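2 protein chains.
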Amino acid sequence: MAKITVGILGLGTVGSGVAKLLADDARFRVKWAAVRDASKPRDVDLARVRVTDRPFDIIDDPEVEILVEVAGGVDTIYELIKTGIERGKHVVTANKELIAKHGSEIFELAHRNNVTVLFEAAVGGGIPLISTLQRGLQANRISRVAGILNGTTNYILTSMEQRGAGFDAALAEAQRLGFAEADPRDDVEGFDVAYKTTILASLAFGSFVDVESVYKQGITGITDSDISVAREFGYKIKMIGLAQRRAGGLDVRAHPMLVPARHPLASVEGSNNAIFISGSAVGEVMLLGPGAGQMPTASAVVGDVINLASALRLPDFAPYFQPAIDSKRSQACSIEDCESAFYLRLEATDTPGVIGNLGHAFGAHNVSLNSILQRGVTAGGAATIVLLTHKTSERSFARALREIESQPTTRRIGVALRVFEQAS
Amino acid sequence: MAKITVGILGLGTVGSGVAKLLADDARFRVKWAAVRDASKPRDVDLARVRVTDRPFDIIDDPEVEILVEVAGGVDTIYELIKTGIERGKHVVTANKELIAKHGSEIFELAHRNNVTVLFEAAVGGGIPLISTLQRGLQANRISRVAGILNGTTNYILTSMEQRGAGFDAALAEAQRLGFAEADPRDDVEGFDVAYKTTILASLAFGSFVDVESVYKQGITGITDSDISVAREFGYKIKMIGLAQRRAGGLDVRAHPMLVPARHPLASVEGSNNAIFISGSAVGEVMLLGPGAGQMPTASAVVGDVINLASALRLPDFAPYFQPAIDSKRSQACSIEDCESAFYLRLEATDTPGVIGNLGHAFGAHNVSLNSILQRGVTAGGAATIVLLTHKTSERSFARALREIESQPTTRRIGVALRVFEQAS
Chain Y
3 MAKITVGILG LGTVGSGVAK LLADDARFRV KWAAVRDASK PRDVDLARVR VTDRPFDIID
63 DPEVEILVEV AGGVDTIYEL IKTGIERGKH VVTANKELIA KHGSEIFELA HRNNVTVLFE
123 AAVGGGIPLI STLQRGLQAN RISRVAGILN GTTNYILTSM EQRGAGFDAA LAEAQRLGFA
183 EADPRDDVEG FDVAYKTTIL ASLAFGSFVD VESVYKQGIT GITDSDISVA REFGYKIKMI
243 GLAQRRAGGL DVRAHPMLVP ARHPLASVEG SNNAIFISGS AVGEVMLLGP GAGQMPTASA
303 VVGDVINLAS ALRLPDFAPY FQPAIDSKRS QACSIEDCES AFYLRLEATD TPGVIGNLGH
363 AFGAHNVSLN SILQRGVTAG GAATIVLLTH KTSERSFARA LREIESQPTT RRIGVALRVF
423 EQAS
Chain S
3 MAKITVGILG LGTVGSGVAK LLADDARFRV KWAAVRDASK PRDVDLARVR VTDRPFDIID
63 DPEVEILVEV AGGVDTIYEL IKTGIERGKH VVTANKELIA KHGSEIFELA HRNNVTVLFE
123 AAVGGGIPLI STLQRGLQAN RISRVAGILN GTTNYILTSM EQRGAGFDAA LAEAQRLGFA
183 EADPRDDVEG FDVAYKTTIL ASLAFGSFVD VESVYKQGIT GITDSDISVA REFGYKIKMI
243 GLAQRRAGGL DVRAHPMLVP ARHPLASVEG SNNAIFISGS AVGEVMLLGP GAGQMPTASA
303 VVGDVINLAS ALRLPDFAPY FQPAIDSKRS QACSIEDCES AFYLRLEATD TPGVIGNLGH
363 AFGAHNVSLN SILQRGVTAG GAATIVLLTH KTSERSFARA LREIESQPTT RRIGVALRVF
423 EQAS
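The listed protein sequences derive, respectively, from chains Y and S. Yeah, the first sequence ends on 426 if you go by the working numbering, and it's all consecutive. Yeah, the second sequence ends on 426 if you go by the working numbering, and it's all consecutive.
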């Protein structure tokens with residue numbers, strides 16, 4: 003049988019892994035790889051591959067049937083992929099930002115051109131998560147998807163927890179070991195989890211969610227002392243992507259949470275990812291595995307390529323792979339309309355009446371307290387106070403917080419985090 | 003679009019769940035359900051379904067495109083399914099015994115008749131495990147699949163562990179709560195896990211494994227004291243299906259094992275299932291979820307039906323779904339050629355020299371001991387001795403065991419269990 007011709011956009015870490023796996027598979031011929039600097043030496047045998055710094059060499063080549071996009075970024079890549087689709091090429095991409103921002107247009111264009119776009123590697127690295135949502139659980143109405151979707155932040159939070167490292171030290175270590183980028187903002191400020199959660203929500207709920215409407219909070223405000231206090235309360239702090247149906251609409255967010263220590267998500271360590279899916283028939287299913295890394299991500303990309311290849315000679319197969327997502331965009335609910343229990347850390351003056359002031363502010367806004375803990379006093383005479391509320395509306399909590407900020411006994415609000423709720 | 007006509011063989015627990023899910027889906031029409039006793043009342047609305055006690059009513063009806071088999075059993079069902087396939091019907095089955103014993107012939111026949119046979123519900127209940135092995139991890143060479151595949155035995159072992167119940171009491175409770183059949187042999191003697199492990203091994207290694215060659219051991223010999231001693235040693239006892247590649251061939255078995263307490267499989271409780279898959283590119287992936295029960299199993303069956311339906315109008319789509327398994331059968335290695343560390347419990351006379359005798363028997367056969375523990379003495383003057391060996395060949399361990407059996411200080415061999423090894 004004739005080989006299927008593949009062109010790869012990007013030969014970074016993941017791209018090199020993809021090139022290695024495809025080179026071992028007799029069904030494929032990697033004809034092209036587009037890179038930024040064609041003279042740079044690569045850790046992969048490129049003897050039979052044409053390496054170019056002009057991506058249109060690939061797009062313009064009618065022999066290329068499958069375009070593998072592992073370059074990252076959005077603007078240039080979006081244009082390239084649109085042109086590729088218009089020229090009848092199938093696309094396999096690992097680009098979560100692209101799918102989260104432009105999935106609706108991309109799948110619409112693919113539909114019109116009768117080609118397939120697959121993106122298993124965009125969420126959960128090597129974990130076959132997209133196909134599970136798209137295929138395995140089709141008989142279910144999905145009520146919630148919740149998980150640890152970012153290996154970098156989970157690595158940082160795990161080392162803060164296990165070694166008592168501060169955020170900066172843990173980030174520096176993660177960078178040294180290759181678990182965090184030189185510019186870590188995409189990960190630690192929650193963008194990456196927001197993209198991935200947007201994609202999962204779109205698949206789970208069958209409607210493209212506007213990524214701009216997804217609330218996000220990063221992990222940069224979390225200290226080692228938050229982690230140890232959370233442990234005393236019976237929780238671990240994890241960066242969570244959460245997508246659930248609520249009476250008012252779709253509740254989609256990306257933020258750190260206090261996860262009960264006995265919940266399986268609490269024991270997901272290092273750069274692993276794990277996702278809980280709640281379905282109407284199946285109940286709860288969890289998938290766990292490496293959420294990043296060269297070969298796990300390449301495994302997902304090449305899995306898509308092989309999957310596509312096994313259908314490629316069927317006439318008119320593309321509709322089979324088209325994700326069942328309504329092209330009309332949905333907005334996630336405003337965070338103000340959500341409900342959570344909260345963890346709050348603040349610094350107050352070490353004077354009588356502090357606890358009374360706090361209690362008054364919460365009471366005035368109908369927020370009920372679960373626990374309150376005063377930690378040692380600093381040299382400057384400030385006391386660190388940590389408290390957990392019962393479940394309350396974001397609006398009430400925010401109002402109480404504004405009142406607390408204005409109290410004379412409050413020196414500084416540290417961090418407010420939400421508490422993870424087990425599925426009922 | 004015209005509805006797809008479905009016939010269901012079997013309206014027991016799972017069958018009723020399937021009928022409910024399909025009734026809610028406008029794409030399908032359940033025209034027939036075949037049952038043993040058509041007059042029996044059922045917990046599902048059958049107003050639009052023809053209920054028959056002659057399954058050939060369904061097989062003979064040319065309108066039926068998809069045959070859903072949730073009846074169980076092998077002999078009669080095998081003939082029905084073969085005839086259905088020959089008449090061009092696609093098949094979705096939850097029958098692990100059928101696929102484990104006759105998968106090779108069934109897929110061969112399906113191939114010749116250009117129809118599709120799907121079986122997601124046969125292993126792991128609602129967990130989308132088969133599709134993950136078949137599709138999601140296609141870029142990987144699978145080296146090992148290991149997991150908890152039977153909800154009944156896991157429920158029994160969990161209640162023995164958590165409530166200190168004996169095997170008989172835990173089984174009786176499981177029966178009362180519907181987690182075990184009136185005749186529990188299929189589950190507690192390891193047949194069910196052997197069928198499921200055979201299927202997983204065939205998919206993972208691309209060759210139909212002969213189910214008769216798969217070694218199995220049940221959980222009936224395990225006492226509450228084994229469970230508490232195992233805990234002292236740092237393990238939990240779990241019923242494990244294990245399929246791995248070894249130098250000599252395929253190592254496929256179903257037996258209880260001591261699993262290190264910190265391993266994620268050790269914390270899988272109640273009727274849940276969990277499976278670890280080790281792949282060359284992805285590393286380790288774990289899937290966890292409800293391994294049995296009406297709606298989880300129905301979720302997997304109907305997932306297959308929907309998946310099939312979305313390809314049904316494509317010309318010649320069946321090869322896409324054909325599992326990549328060589329029709330030539332493989333034999334699992336003989337258990338004698340395997341290696342494990344062992345747990346052994348025995349009763350000996352409470353006299354000097356007992357430990358020396360044991361040590362001598364193991365030493366003579368080159369089995370090295372890890373731990374040894376003597377428990378209290380019974381009224382009859384017998385001492386219970388429990389020991390853990392280091393990794394050794396089954397052959398050496400069996401020889402040492404025969405020598406120990408013949409020693410005058412040995413009253414009775416209790417149980418020998420293998421120790422689970424973490425993937426390297």
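Quick caveat, the hints were computed from the structure, so don't treat them as lab data. What you are looking at is a predicted structure, and each value in this text was computed from that prediction instead of being measured. Ideal placement from N, C-alpha and C gives every residue a C-beta, glycine not left out. Incorrect hints may appear among the rest.
Now the in silico label distances, taken between C-beta atoms and shown as ranges [unchecked claim]:
#	chain 1	residue 1	chain 2	residue 2	range
1	Y	Glu88	S	Ala4	27 to 37 Å
2	S	Leu111	Y	Thr78	27 to 37 Å
3	S	Arg89	Y	Glu81	45 to 55 Å
Straight-line C-alpha distance at most 30 Å; calculated BS3-like pairs for lysine-lysine [what the hints assert, rightly or not]:
#	chain 1	residue 1	chain 2	residue 2
4	Y	Lys330	S	Lys5
5	Y	Lys5	S	Lys330
6	Y	Lys84	Y	Lys103
7	Y	Lys5	Y	Lys33
8	Y	Lys22	Y	Lys5
9	S	Lys393	S	Lys218
Quick rundown of the hints versus the structure:
| no. | hint | verdict |
| --- | --- | --- |
| 1 | Y:Glu88 <-> S:Ala4: 27 to 37 Å | 33 Å, holds |
| 2 | S:Leu111 <-> Y:Thr78: 27 to 37 Å | 51 Å, violated |
| 3 | S:Arg89 <-> Y:Glu81: 45 to 55 Å | 52 Å, holds |
| 4 | Y:Lys330 <-> S:Lys5 | 26 Å, holds |
| 5 | Y:Lys5 <-> S:Lys330 | 26 Å, holds |
| 6 | Y:Lys84 <-> Y:Lys103 | 14 Å, holds |
| 7 | Y:Lys5 <-> Y:Lys33 | 11 Å, holds |
| 8 | Y:Lys22 <-> Y:Lys5 | 16 Å, holds |
| 9 | S:Lys393 <-> S:Lys218 | 19 Å, holds |
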